[in-house]
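Work out the full structure, taking the sequences as your base and the hints as a guide.
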Amino acid sequence: MNVNITNLPKSQVQISITLDADDFEKYYQRALHKLSQEINIKGFRKGKVPLEIVKEHVGADYVRNLAIDEALSPTYAQAVKENNIKVVSHPEIKIISQEPLVYEAIVAVLPEVELSDLDKIKIEKKEVKVTDKDVEDVIENILKRNAKFNDVERETKKGDRVEVSFEGFDEEGKEIAEIKSKRHPIIIGDNMMIPGFEEELIDLKKDQEKEFDIIFPKDYHEKKFVDKKIKFRVKVLRIEERILPELDEAFIENISGKKQSLDEWKKLLSGDLMKYREQEAEEERKNEFIEELVKRSKMEIPDQMIAEEKDFILEEIKNDITNKGIPWEKFVEFTEKQNRDLRKENEKQALKRVEMRLAMSKAFEMAEIKVEDEELKKEIDHVLSHYPKDQEKAVLEYYEKGGAGYAKLINKLKIEKLFAKYL
110 MNVNITNLPK SQVQISITLD ADDFEKYYQR ALHKLSQEIN IKGFRKGKVP LEIVKEHVGA
170 DYVRNLAIDE ALSPTYAQAV KENNIKVVSH PEIKIISQEP LVYEAIVAVL PEVELSDLDK
230 IKIEKKEVKV TDKDVEDVIE NILKRNAKFN DVERETKKGD RVEVSFEGFD EEGKEIAEIK
290 SKRHPIIIGD NMMIPGFEEE LIDLKKDQEK EFDIIFPKDY HEKKFVDKKI KFRVKVLRIE
350 ERILPELDEA FIENISGKKQ SLDEWKKLLS GDLMKYREQE AEEERKNEFI EELVKRSKME
410 IPDQMIAEEK DFILEEIKND ITNKGIPWEK FVEFTEKQNR DLRKENEKQA LKRVEMRLAM
470 SKAFEMAEIK VEDEELKKEI DHVLSHYPKD QEKAVLEYYE KGGAGYAKLI NKLKIEKLFA
530 KYL
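Under this note's numbering, the first residue of the sequence shown is numbered 110, with each subsequent residue one higher.
Hints listed in this document are in silico derivations from the structure and should not be mistaken for laboratory results.
Mixed in with the good hints, there may be bad ones.
[Unchecked claim] Once the Cα atoms are required to be at most 25 angstroms apart in a straight line, the calculated SDA-like pairs of lysine to any residue come out as:
| id | residue 1 | residue 2 |
| --- | --- | --- |
| 1 | LYS367 | ARG254 |
| 2 | LYS486 | ALA529 |
| 3 | LYS439 | PHE275 |
Right, here's the structure in full:
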């Protein structure tokens, strides 16, 4: 077997493979033998038909075509292995000649990454602090989450929970199906609606209707509404006043599960908030480090890697949607009505993910980051400690060497080591 490798743009290679008559003969005989086991010919028992009779019955060309199919997969795999080609996609195969068998396989390969000045990356630690005002805001939010609502007969004000029906119209007065809701609950001032909407609900009475215009913001998730003026018609169906609970020791004990004074609770909240902000700051620092790795990296990413990553993201979206109890077909139908292309929407995210993965992999190599067996065992034991005994076997199988769980764990430990070295 003769193999010739040609490098192509965008991290692709062309593998040209030629099989002479002797190389091809074993695949020809294999195809002929398979046919002899499957074919039915009158006068012979199935599986006992002589090879020459089989060949005569189906024709030499038919056998050759089957033999070519037999030859492609193993010879391609052999060429990839012997030439240490790190493929990242399925090959596109083109038959050049049948006698002798000559074919070309174009395949995407793992891109070469040039990462400059890894040791010069410096990400400063951010100062984290918690003020009295921060703690007061936390307490206010807790009080709001535990508030009660009572119906009132007065005009609406900020903080009220209202139930409204609304519909939207374009500048030509045509009703917009997507901008319509009945008995929609809104807490005025919580800023859960489009900017400007909640302010228009202040000083209204029950059963009162109101019309107003809003220009949708530039960052609105539905692109077709960005910068569009929409006329809203709203009717107030219910008005409820928010009643905050009394901030006393009984409330604090009920929330925290511990009897303590207000000052003690504030100290506890302050400490929890500090831990949260420190973790948040550390995550931001890690993300900045990864972004800096990508900035300092040069690579030619094949289109196939981006396409594959888009498939992964789409599968993640599908799992998330179905886990929420929404049929995937209904969701797809809804997005199609909005002229959304989910794969195209995720193109930037897919590219970013691939860039990050390749840059990190190069950093592991340059920093000589390795994971020892003992470290791996320790991490698996730590994971096992969080599972009941009857699930240990399934966990161990997930982390078996060569599996997806094993690869993820290795990568996780390498990332931790990289951060420990440079942050």
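Hints and how they fare:
{"no.": "1", "hint": "LYS367 x ARG254", "result": "holds (19 angstroms)"}
{"no.": "2", "hint": "LYS486 x ALA529", "result": "holds (20 angstroms)"}
{"no.": "3", "hint": "LYS439 x PHE275", "result": "holds (24 angstroms)"}
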